[in-house]
Every structure is written in structure tokens, then in C-alpha cells.
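*Asks:* Chain by chain, the residues run as shown.
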Amino acid sequence: MTSRTHQGSGDPADGLNADDASGHSSPDEPDFDELRQILIGPEFAALDDLTSRIEQPARFSQDVARVLPEAIARRAAQDDRLAAALTPTIEQAVRTSVRKDSHVLVDALFPVMGPAIRKAVASALGEMIQSLNRSMEHSFTVKGIKWRLEAWRTGKSFAEVVLLHSLVYRVEQVFLFHTETGLLLQHIVAPSVEPPDADLFSAMLNAIQDFIRDAVGIEAIDAVRFGDLKMMAERGPLASVVGMVRGAHPKDLRTVFQVALEAIHRDYGASLERFDGDATVFDGARPILEECFQARYETEEKKVSPALIVVVSAVALLLLLWGGYAWWQSHKWNGFITRLKAEPGVVVTDAGTSGGKYFVTGLKDPLAADPTALLADEHIAADDVVFRWEPYHSFQQQFLVERARPLLAPPSTVQLSAANGELVVTGIASHAWIVEARRLVQTMPGVTGLDEKGLVDRDFQDLLEVKGRMESIVLKYVSDTTTLVAGQERELDMLEKTLGELRAVAAKRGVTIGIEIVGHTDSTGTEDTNVRLSEDRATELVRMLDAKNIDTTGIKPYGVATAQPLRAENGPEDAALNRSVTFKVSIQEKEP
Amino acid sequence: MLQKKICMLGASAVGKTSLVARYVQGIFSEKYLTTVGVKIDKKPVTVGGVDVLLMLWDMQGEDRFQKVQMSYLRGAAGYFLVADGTRRDTLDRALILQKEAEATAGAVPFVLLLNKSDLEDEWDIEDAALAELTASGWTVLRSSALSGLNVDEAFQLLAQRTTE
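Going down the list, the protein sequences come from chains A and B.
Counting with the numbering used here, you get residues 2 to 593 for the letters of the first sequence.
Counting with the numbering used here, you get residues 198 to 361 for the letters of the second sequence.
By construction, these hints were calculated from the structure, which means they are not laboratory data.
Glycine included, C-beta positions come from ideal geometry on N, C-alpha and C.
You may find that some hints are simply not true.
Stated by the list, open to error - Simulated DEER-style distance windows between Cβ atoms:
1) 275/A - 335/B: 25 to 31 angstroms
2) 325/B - 196/A: 51 to 57 angstroms
3) 196/A - 289/B: 42 to 48 angstroms
4) 166/A - 335/B: 55 to 61 angstroms
Claimed, not checked - Rough simulated footprint, nothing fancy, chain B against chain A, three-plus residues with beta-carbon under 8 angstroms:
5) 182 to 190
6) 207 to 218
Stated by the list, open to error - Derived pair list, reagent style EDC-like, types lysine to aspartate or glutamate, alpha-carbon separation capped at 16 angstroms:
7) 240/B - 198/A
8) 264/B - 215/A
9) 239/B - 198/A
Generate coordinates for the entire structure from the input sequences, incorporating the hints supplied.
*Replies:* And the structure:
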């Protein structure tokens, strides 16, 4: 029974049990078991626990998870082996991630990619601009021409020659090599520098270092100068940095090299000690070495060539003049266009320049002002402008009047103006003109009517005047007869003349006139007698006129006896005036 | 790419420079040998699918006037001991140099080359001596810078040893 308990408790116990069962099966087994429990019971429990920890994946991974971060940190501090071991896995993981869904990595990298790209682009641009600036600075000088010749002679680019001459100093190459073997670890070269065979260079350099040390007893060479080029060496116990410097460098440049070398020893000490020929481990040291890339160029701000100043000033002046001229031209043109647009009877639809000339397209009333006159005002040559006008009729009031005048041909007594689309006519005109004007106005575009409130019809006025004269004539008769009182020849002449005038004026005015000859008597005598007498007097006058061959058509004689006395009869003088004939003129417009 | 420093050791006029010249197209003039005492060339090889760049340090041969600069051996991944098969004393010299090299560079792989194997008539080294060296674990090859015998093979072999 106890053995079963053990079997259930775990594998190690199980093993022991089995051993017992096969080798030492005895009747004392329960006692032995008990003894064993007493002796190593707690260890069994601990062993059980340990075994289950290792064999149950869930518990085991939990345990590993607890120590994993620290384990990684410790190993990473010790050496680079962990990184080396993980590299393929991480590379594979990245590759898999990209294959599966590239967006994940893209999103993760996005915040750093922009700045990185910007930095790279800015640095590339900066380099180009610097080189360009230097070339520009020297392009117009005598020295610049000499350098150009040199460039042509030596087959180098002009920028390169300028660089060499204007250089104060520049670190052209930096080598990092393994001190013990002389094997090259890293090599970086400044742009536009012809790199040597870096492997051989560093090996040979190392050999020379050794040679000098052995032969002369100096610990290490600091610097070797070859003409303008200087080799600066900084030798460390594990690695050495060598810079090739052109020109006169500042003293603290060596410090820069020392700092870089120290950083490399600090970061790559373990790798340097274990170095087995694989230099790729040191790729990460490049940024440190790049710190050594220092340079300074002459700035010749104070010595700007006079020729350059003259050329630049001349160009600037020309630009200024040209700009000013262009501005003035455009100002003039805009002024002209503004004025042209404000001009009545002109509609500008397009304006600008084409083929070196100005052009204006639009509509123009023939009566509008001549645009070429405006050009002269703005001091623009007429030859420089091409106008393309479509004729049209402007309804502007001033054009209504101007267009109406030649058509209506008003007499000098008539004034024309326009208001609210109507043609306003004032003054005096003949009836015939007025009639023609009314007719013409209807045919005029843009004219809505004729305002003739201020216009006087001269013929009608004449008619009224003649009518008034006619109606003022009084012919007196001898009492109780149809005989005219003697001495009225002047009045008769006037009657004849006025009658003729009346007919002429009426014809001119185009009206029909009616003339009434009204006979009157004084109050003596009977009413019947007076009625007959008054009619006779009127009839007798018509007969007399007929006898004189005066046209009496339309003349209507009749008598009114005492009904319409010329004057109230209060004495013989009044009675004499009432024994008379008077005239009434009526005017009727002709039926159209 | 792996880089390995390989040195050429031997008495003077045993053919070290000729062996290197047979193997690579160098860029440095031989006058370096007499001035600095070493001339370095490089040769890229492939060993077991791995690219290896051999930096070959051809060191001035030792003679009465000039001792080999043993400091040049520091950091070497391997070296050749070169002896002239027609001059027995050069082999003895090589044996001494080996001890000095091991003191400087440590127990790195090396190959003994008995050069000028084309001059069979003048051969001065008995096979027994070689058998003894081979028995003690040395790698010994006959080579000829003139005919090219074993030149590529020797370099390839040492390159392989250094990467093991």
C-alpha cells in the first residue's frame, strides 16, 4: 500500500521504489519505507517539486520567465555572444514579419524614418551646397581662373581643386585597425577622396610602427608628415586609430581621435580581445569614427574680388532697373485698363500681353471716346497695343442723345437730353418736326419714349395767335341795314388777310378749322326783325367775301340778334357796337 | 570577410618573396623588404565557403647582417617556414625560427615549405629528417616558386588551418 503512495507521489520516488521491489524485497518493507520516509522524506518532496517544475512546461516557462531578463542583461554585459546568437533569429523574425504584414514594421519605423531620411538628404544637400559655394566664391577671381587652368591641366574637377586650395584642414580618411595583427577593422573616407588599398595600408602602417619601435625604441609614432598630408596615429592597447589629415589642423584634433579610440575600447573591448579576423563586428563603430571627420575651409568674406562686386552689382542694378521698368510698364498698363473700363461705351472683355505686344479685346460703341487718345495720356505707344473691338450700341444716356441728334436733326430752338431712358425734348419746334421726332424715337434702340412736356408746337401757337386776331375783328353796320358803316376798309382788309393766314396756319398745323360769322343787332326793334337782320348781316358778309373770290368753305353764318351783345346797351355808342358782325374760330384735330 | 595575418619566415634567399609573388599580384615594391624588413600583400581565398582575406607578411630573410624582426609575427594567425631544399642549413635555421615564432605568435598553425623542389639534382635534405618532423606533427610540403608546385595548395592549406 505504501508503495502505491510513492508511485502516486512522483517519478523519482517511483524509481527508488522499483529498485527496492526488484533488489531488496523483504518482509520488513513497510518498516524500511517508514525509515526511508523519516530519513529522506523532505528531500523527496523537494525533488518532486523540482522535477515537476522542470517537466511541466507551464511551470518551467514561468521559472525561466522570472530569470530571463536578468540573465539576458548579465550575459550582454559579459560579452557580445548573446547578440551574435540572437542576430539570425531576429533577422529571421524581421523578415517573417515583413513577409506577413509589412505594415507593422512600417508603422513602427515610421517615426524614425522621416528624421533619418531628412538628415541624410540635408547632409547630402549641405555637402553639395558647400562645394557649390566654394566654387562660386572662387569663380570670378584671378585665382579662380588659375585654379580652373590647374583643374584642366590635372584632369581634376574644378570643385576638387578649389577644395584643395581653400582647405585649411580636413580629415580625409580614418582607419581603425587591430593593434596586434595590424588587420583593418574599419575604414572611412571623406567624399571626393581617392581611397588607398586600406587593408594593405593599415598592415604596412602597423609594420612600420613596429619597425620604428624596434629600431629606434620609440613606443609609437604619433604623426608622420608627407608634404601637405599628415598621418596622425593614436595607438591603443587593442585598437589603433589613424587619420589622414590634409592641411594645418588645430591642436585639439588629436583629442578628438583619442576620445574616439577610448570610446571604441570601452564599447568593443571584449570583441577586440577575441578578434579572429571578422571585422564586421566593428561596423557599429563607424559613427564613433565619423566624429573624427573634421574639416575647416577658408572663408574669404573680406577678400571679395572687385570684379565679383562689379559683376554682382551690375547684375543687381540691371535687375533693379528691369524690375522697376517692368513695374512702371505694368502700372501704366493697369492704369490704362482701369480708365478704359470706366470709359462709357467701352466694355473690356480681355486684356494682357501676347507676342511682346499689349492687346485689348472688347465691345465699343462707335460713339465712345477713342482709346488711342487714352493711351497717349498714359504714355503708352499706340504701336504697342492691338485693339480688337466688336461694335455695339451702348444704352448710356449720353449716347442716346448723341445717337438721336443726327437722326432727329432738331432746330436750334430745341434742346435734347436723356432721363430714365426717355429722350427729353425742350424748346420750340415745328409741328412737322415734332411728328417726325415721335415717329423716329420709336425706332431708336435703348430709347423708351419721348418726353415732350417742355416742348412747344410753334405752328399751334401761330394758329392760336391768328385765331385770336380773327376773333377780335368787329364789323359795324348802319342801323337796321346790312350795310357796313363807312370807313371800315382797314377792318375788311384785316379780315381777308387774317382769314388767309388762318387757313395757311391750319394747313401747316394739320388741323381742320371751323369759322362762324355771328351777326348781332341793337336792342331797338322787335325780336323777329332783329333775328332776321342779324342773320342777313352774317349772310351778306359771306356773299361779299364770295364776291371777292375769297374761299368761304367751312364758314358758317348765323345771327344771334341781341342774345350775345358785345356790350351792355346803355347808350347810343353801345348800340352802335352791338350793330355788328363778329367771328368765332374752332379748331379740330384731323382724324388720323 | 575574415582577415588572417600570415607570415613568411625563413633564411635569406630561400624563395619567400618568389612564393608570394607566384601567389599574388602585389602592389608594394620589394625595396620595403630591405628598408622596413617586411612587405605585405593580400590575397582573398575561400575556405569551406567562407571568404578569407590573407594578409601576407613577407619578412626579410635572416642573414648575417640582419635578424628577423620577430615583433612582426605578433597577431599572426599562421606562418610559413620556408627552407631551401638545396641548402641544408636553411632547414636548421627554419627549425630555430619556428621556436622563436612560437614564442612570439603562440601555437598557431604553420607549414614548412621546402622550396626549389625543381632543383632535384642539388637536393640536400634527406627524407629521414623530414619524416622525423612529420612524425612530430609538422606539415611539410615540397614547393617550387618556379614551377608553381604546391604554391596555391600550401596557402590554401594554411588558410584552412587558421580558420579551424
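*Asks:* The structure should be examined with respect to each hint, and the outcome stated for every one.
*Replies:* Right, here's what the structure says about each hint:
Checked against the given bound of 25 to 31 angstroms, the beta carbons of residue 275/A and residue 335/B, roughly 28 angstroms apart, stay inside it. Between residue 325/B and residue 196/A, the C-beta spacing of about 53 angstroms keeps the proposed range 51 to 57 angstroms intact. At about 45 angstroms, the CB distance of residue 196/A to residue 289/B agrees with the hint of 42 to 48 angstroms. In this structure the hint that residue 166/A and residue 335/B lie 55 to 61 angstroms apart at CB holds, the actual value being about 60 angstroms.
Taking a C-beta to C-beta cut-off of 8 angstroms, the region 182 to 190 of chain A contributes 4 residues in contact with chain B, enough for the three needed, and the coverage statement holds. Residue count for the region 207 to 218 of chain A with a Cβ under 8 angstroms from a Cβ of chain B: 6. That meets the three needed, and the coverage hint holds. For the given pair, residue 240/B sits about 12 angstroms from residue 198/A by alpha-carbon distance, which is consistent with the 16 angstroms threshold. Taken as a hint, the residue 264/B and residue 215/A pair is honoured in the structure, with Cα atoms around 12 angstroms apart against an allowance of 16 angstroms.
Distance hint between residue 239/B and residue 198/A is fulfilled; the C-alpha atoms sit about 10 angstroms from each other, no more than 16 angstroms.
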